[in-house]
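Student: Single-letter residue listing:
Protein chains: 4
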Amino acid sequence: MAKGLKIAINMGGGDAPGLNAVTEAVVLSAFNRNWEVYGIKNSYEGLLDTDEIIRLTPEKVWHISSLGGTILGTTNKGNPFAMPITNIAGETEIRDVSDKVVENFKRLRLDCLIAVGGDGSLKIAYDLYKKGIPVIGVPKTIDNDLAATVATFGFDTAVSIATEAIDRLHPTAKSHDRVMVVEVMGRHAGWIALNSGISGEADVILIPEIPFDLDRICDSIMGLELQGQRYAIVVAAEGASPKGGGRIDKGKGEMGRQDVVLGGIGDFVAREISARTGKDTRSLVLGHLQRGGSPTTFDRLLSIRFGAAAVRLIAEDKFGSMVALDPPNIKAVPLEEVISGGLKGVPLEGDTVRTARDVGICFGD
Amino acid sequence: MAKGLKIAINMGGGDAPGLNAVTEAVVLSAFNRNWEVYGIKNSYEGLLDTDEIIRLTPEKVWHISSLGGTILGTTNKGNPFAMPITNIAGETEIRDVSDKVVENFKRLRLDCLIAVGGDGSLKIAYDLYKKGIPVIGVPKTIDNDLAATVATFGFDTAVSIATEAIDRLHPTAKSHDRVMVVEVMGRHAGWIALNSGISGEADVILIPEIPFDLDRICDSIMGLELQGQRYAIVVAAEGASPKGGGRIDKGKGEMGRQDVVLGGIGDFVAREISARTGKDTRSLVLGHLQRGGSPTTFDRLLSIRFGAAAVRLIAEDKFGSMVALDPPNIKAVPLEEVISGGLKGVPLEGDTVRTARDVGICFGD
Amino acid sequence: MAKGLKIAINMGGGDAPGLNAVTEAVVLSAFNRNWEVYGIKNSYEGLLDTDEIIRLTPEKVWHISSLGGTILGTTNKGNPFAMPITNIAGETEIRDVSDKVVENFKRLRLDCLIAVGGDGSLKIAYDLYKKGIPVIGVPKTIDNDLAATVATFGFDTAVSIATEAIDRLHPTAKSHDRVMVVEVMGRHAGWIALNSGISGEADVILIPEIPFDLDRICDSIMGLELQGQRYAIVVAAEGASPKGGGRIDKGKGEMGRQDVVLGGIGDFVAREISARTGKDTRSLVLGHLQRGGSPTTFDRLLSIRFGAAAVRLIAEDKFGSMVALDPPNIKAVPLEEVISGGLKGVPLEGDTVRTARDVGICFGD
Amino acid sequence: MAKGLKIAINMGGGDAPGLNAVTEAVVLSAFNRNWEVYGIKNSYEGLLDTDEIIRLTPEKVWHISSLGGTILGTTNKGNPFAMPITNIAGETEIRDVSDKVVENFKRLRLDCLIAVGGDGSLKIAYDLYKKGIPVIGVPKTIDNDLAATVATFGFDTAVSIATEAIDRLHPTAKSHDRVMVVEVMGRHAGWIALNSGISGEADVILIPEIPFDLDRICDSIMGLELQGQRYAIVVAAEGASPKGGGRIDKGKGEMGRQDVVLGGIGDFVAREISARTGKDTRSLVLGHLQRGGSPTTFDRLLSIRFGAAAVRLIAEDKFGSMVALDPPNIKAVPLEEVISGGLKGVPLEGDTVRTARDVGICFGD
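Protein chains in written order, with my numbering: chain A, 1 to 365; chain B, 1 to 365; chain C, 1 to 365; chain D, 1 to 365.
Everything labelled a hint here was simulated from the structure, so no lab data went into it.
Be a bit skeptical, because a hint or two may be false.
No copy is singled out in the list; a pair is fine if it fits within one copy or between any two copies.
[Said to hold, decoys possible] Taking lysine-lysine and the PhoX-like style, the derived pairs with C-alpha atoms no more than 25 Å apart in a straight line are:
id: 1; residue 1: 344; residue 2: 331
id: 2; residue 1: 279; residue 2: 77
id: 3; residue 1: 77; residue 2: 131
One chain only, chain A, in its complex shape (with noise of 0.2 Å):
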């Protein structure tokens, strides 16, 4: 390609640690092939209101690969094809303002856009894609529920800081013979509970691709009991959901804690817990906390090399894909494959799950 591309990168959906060095590396990758890179704050925000663009340089990203959160701002708000847009009375309307996008994004003379999000972050980069705007994806999903790569940044902090959780539990539960139930992020898959559940020792694990019976996770905690271990620790996914029994209403109102006053899972099963057994059984949500923070090393890593690949796939013309991990390499993805391939759920066959089972852990089934 030709010289002096401009190159614009924007991030969408819930933050996670990696992000500042996905822009880091492409910024100084960019940097070293004589390009310029944009930031667009804000999703796609900031391709409506220029105010939002700001040019990065080296210096703007100087050492910020082991920062948390993001430089640019992320939002799950900046859906071009059904954005909501308020007037001066105050009134809301969802339109699609896509065509706009696409043409502030030629408008500005940008050459190329790294879309850094989740499924629905990247469904809309491959829209935009098709309407014209050349596109490289970055895939981002705490949750590590993408299918179409391996891992994604943001994981394994996540699950580095629920087993330092789980850890902290084992003490003060046992020292008061506790049931611990810690609710940890997961909505659909529970990859994030799995991994840290077997890392931190928990005895029980529930996971959105298991439903569960609350006879068989008391069951197993009496049993423990009759060996002499007096305390639990419960490891659940905020998806995770009793058998049958349809899924817990988490009741969520303007106020994000609405569902920890309603009771999220962890709550739900606490109580039942305590109910059934008789024993003192606490819960905690450990929330914001995963997705805050500095990256961990593999995620810095992992984060540095999808910048350097986005932007290597720019030089080599492949737009329309995506950057993915398969170990230990990296590949680009057709974004046509991404959406389709769809979510990665736990695989209950797989070497996790029965790892699991072997070393004794109860996933309540």
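Could you slot chains B, C and D onto chain A? The hints should help.
Tutor: Using the frame of chain A, we list chains B, C and D on its own:
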């Protein structure tokens, strides 16, 4: 004192990082004097049921100083002056079994007791001392609210864990323009909230010592917005309460987390901020994460110093006293003074509160 | 296979974070199948001296997965095909005692052996397998240089520790305008240097796979100075060497640190940079810090998966094979292939080296 | 004092975790009083070359409290009473440029100076105070050896890093039956070695205050072996020295690491232990790892308190004094007293040394 002393040690109240380091130091210091140490499990219960006494040798405590929890177990229920006794029919009554405890102590030929605990446990220890048990106290309060000592182990760890959590919330709050309310420990004293709030660069700190006005908090948050900071971090001690309006009722039921279901102070403040400012506001309860896990280096050292000092006080026949930190030294304080000294709140004119105000932190007053 | 199997497990070579997690997983997986596990201490020595065999029960391995080191001990000396035997006069000769080892193994009615080790130990395991011991291998190489598996436990921990060290050196190097040279592990392969150097944002990375030219390194450092960065971080694998000039002789004497006294590659490079650029230059050898301590969550999980998979391979009668990571799965690889596969260096055209070059890191070539 | 003060701040000596937190607190405290802060780069050099002065606004110090190093730079060379001045011919001579510094300070209309530094820098600050610059001192010594304050920032971080390193060495030393000697900072005072050695459960601690006898150290190590512990951890302060035998000459050349090439105290002790006991013995120099990186929570808080207190002392016109920790308070100490108070070694009869002896740690005496 004579050779061959038999020292008993027990723990009362909630657990705190450093209890095992105290235990290890007591055992090693005693071993090097050719004395024996016996661990009384679950506070004073072990003195009623000798199955609950274990001989502690150097091998048993080998390198436990960095482990969280306590190998002896701890409980809030083991008050021999008001012990819940359950008969075979399952009926429970509260009895004074202190004579029985003293009698058993002497029957077992134990020479003295190292009692590790907070104000409640130390009061019990003092009462047993008056009934004839040679007692040395070791202070334990993760909230740092005991007047007789400048600091206790576990507090630095709790502040560090809370600070680390606040650090992790900044990037995600910033990326999403959110207000995050973190509820930390501190029923009667705001030390953890104050110290972690300053270290973690919170914008608002709410402590029991300073009743807050919600409008002042919202003024402060919207003031930040005018200066370009569109997110805020609020740290609330669990015992904080609004001006005039009396205490938030937390509704403690049988199961620990009912407080959260009904909503603790963090949830209350988050709801109010959201309603009054319209900002996306979330809350998070750190809870048991603060008690668990490995002590910081500061707490390990302090615990080991306390344990060794307790054994030296035995050698010096200074029964009826407690070890205390008077930096840079450890000193002995009579238990009587400890009891009458009571709790230590955050001094409103102290330099730490002034520091917080100086750097622009709002207390809601 | 029949009930009641007796599994032996041993460790060979240097220690690596995760060995205890492997051990715990093997014991728990076997226990849940009603099998017994016996730990052979110090590699194969325990099979010559049965005092060195210990029965491993779930109690013995309770929550050891997060502990560094190995409860079984490990050694580089326990090669039964070339065992140093010392007689009572203190004379040592090298003997092949492998027949004795096989004979003892059968005499003790052990059914199979899980051998945890690097390429040397796995070769021994394979040779014993050919002599009739049913063997399952578990790969262990902190340097990540075994071709047959995408990763091994301990490596992520070593990279994390090295990255953390590099992070700590940046501010002090920057404050004092210094060049800091950090020597990390990696005799034959540069994985630790490469991954930690990228993650830690080093300016120069020296690995065995790319012989370096000191002038290129100095060009790069002075180039940074022209751009306003007056300090630099150099990460050197211990096996890195200058172009043409042959290997730096490290002079290994009786005592381990003679290498440093005579100067390792880090010291050599630091001296040369100082002499050629006049910049204040220091070196630091991370050494044993990289092997010790708690495994990262990634390594804990991988170790547990390896341990459980090894026991499943026994159940499936797949002796003569090794567990290996083929993300996201664990697979079995014949030991014969493992041995012939040899070592795995950093591929010069792989995406990780290209990433480093893309973001501007100098390899000195 | 009047409105609109202009405060200068500078740093002298080696860097220490917490310097940025001091800076941030000074800037925020001044900003909230409508005062301005100017950072003098590289100690006093900025007062000779005004290119090296930067206006510090809240934006410039935003959330730097957790960052290691110092945004202002620090140097050991900036003594205005003995400044090395290099002419264009490259010749350097030492000159007293203090009059020039005072003159520039006044010419720039600066109102006062916050000088952050150790005993050397504070002496300079005091001399400038006597020449008419209104000075407030902030103590900085990572070795904790300043008599006038109970603690300084950076020390807790250094002790924590050293303890973590010792923790990491235990498992590998144990797995291989080795003696590990760790050399930590502490030229004149053994605080870091003492505190990290107790916390990290070292077997031997060598400090400058207690000259050691190598035979006593070896007796102690072999005594452990008789008790079944076949490895040992020795922590040596860099300033420790053998009894009688005078100081180990470290041979400091132009390049920092010549000390290691010739061998520091750690290498010396390791060589001797190996020679005298025949045990596999290694040494490790922690070096710059101890200075770098993020301050602990304890140090962040202390730094912020120091910074805010320094600004309060300005408001109270208490020039010529230094902030100091007198737990739980911050107090002001006249600089004259600070200078005459001198250095603070480990008190041999203090409770920390007694604690170490009580738990069985050998000082080699």
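Student: Are the hints correct? Go through all of them and say.
Tutor: Going through the hints against the structure:
Taking the closest pair of Cα atoms, residue 344 and residue 331 come within 25 Å of each other both inside a single copy (18 Å) and across two copies (20 Å). For the homomeric pair residue 279 and residue 77, the shortest alpha-carbon distance between copies (15 Å) is at most 25 Å, but the shortest distance inside one copy (43 Å) is not. Only within a single protomer do residue 77 and residue 131 lie at most 25 Å apart by alpha-carbon distance; the minimum there is 20 Å, versus 62 Å between protomers.
In this structure, none of the earlier numbered hints is contradicted; all agree with it.
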